[in-house]
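Asks: Taking the UniProt record's numbering, the leading residue of the sequence shown gets 1, the next gets one more, and so forth.
I should point out that these hints are in silico values taken from the structure, not numbers from a laboratory.
Do not take every clue at face value.
Here are the simulated SDA-like cross-link-like pairs (lysine to any residue), alpha carbons at most 20 Å apart as the crow flies [unchecked claim]:
#1 201 with 185
#2 72 with 164
#3 141 with 160
#4 140 with 79
#5 72 with 114
#6 72 with 45
#7 201 with 161
#8 140 with 127
#9 101 with 89
#10 22 with 86
#11 72 with 1
#12 22 with 3
#13 22 with 103
#14 22 with 127
#15 72 with 149
#16 141 with 157
#17 72 with 3
#18 72 with 43
#19 201 with 149
#20 22 with 44
#21 72 with 89
#22 72 with 141
#23 201 with 224
#24 101 with 117
Quick list of simulated restraints, FRET-style, between CB atoms [to be verified]:
#25 153 with 186: 19 to 27 Å
#26 119 with 213: 14 to 22 Å
#27 210 with 103: 19 to 27 Å
#28 138 with 186: 31 to 39 Å
#29 208 with 183: 30 to 38 Å
#30 1 with 177: 32 to 40 Å
#31 65 with 200: 34 to 42 Å
#32 10 with 196: 23 to 31 Å
#33 56 with 19: 18 to 26 Å
#34 139 with 57: 18 to 26 Å
#35 140 with 10: 39 to 47 Å
These numbers were taken from a predicted model, which means no experiment stands behind them.
Ideal Cβ placement from N, Cα and C applies to all residues, glycine included.
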Amino acid sequence: MTRVLVVDDEPQIVRALAINLKARGYQVDTAADGTAALAAAAEHHPDVVVLDLGLPDLDGVDVIRGLRGWTKVPIIVLSARQASNEKVAALDAGADDYVTKPFGMDELLARLRAAVRRAAPEDEMPVVETESFTVDLAAKKARRDGQDIRLTPTEWHLLEVLVRHAGRLVSQRALLQEVWGPQYSTETNYLRVYMAQLRRKLEADPSHPRHLVTEPGMGYRFEP
1 MTRVLVVDDE PQIVRALAIN LKARGYQVDT AADGTAALAA AAEHHPDVVV
51 LDLGLPDLDG VDVIRGLRGW TKVPIIVLSA RQASNEKVAA LDAGADDYVT
101 KPFGMDELLA RLRAAVRRAA PEDEMPVVET ESFTVDLAAK KARRDGQDIR
151 LTPTEWHLLE VLVRHAGRLV SQRALLQEVW GPQYSTETNY LRVYMAQLRR
201 KLEADPSHPR HLVTEPGMGY RFEP
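Starting from the given sequences, assemble the full structure and let the hints guide the process.
Replies: What follows is the structure, encoded as structure tokens:
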């Protein structure tokens, strides 16, 4: 049974989530503040965390950092904060996804299921297949229409980071730091250029990408 930790100080939201999750066979733990959330995570080892950022004692970003100090559990942020910089801060701290309140229960449940699926060990799926292309993480190759696609080392590194975080939004800053280094954390034009190159090489319709998706002002997402 998948165990979910719901962290929110709004009782009606906690109640609604608990009812919906339990009805679908999930085991649910709840916490109303950041301190209780960290304690519950350490005690129960949830399979996924649904976390509000506006908590009464700790900022949600600090809770994410606290969790990331010892666990890779998927974290889905559920927050009324809509500013891009707040979303980016949560993603840079280690959140896997961001859902804005008010939210649709079906969408949140779908994202939760996807987060649990992605938490499987990487070595279980070294080859990732899409409708348009295949990425072999072990061989460090991409293929399209049965042909190897020639990628530069930078293009491959960018693609690999996105594929290893399949379905998750990866912030611009995180991508730049991972692929180019900390000194390039604001060079967003690099990302635009290299993502355009990857789309031309891999997407069936580069002008309407299906798998290498832009989240405007925030980052990029690989959708298998």
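Asks: If you test the structure against every hint from before, which numbers come out violated?
Replies: Going through the list in order, the structure violates hints 1, 4, 10, 14, 15, 22, 24, 32 and 34 and respects the others.
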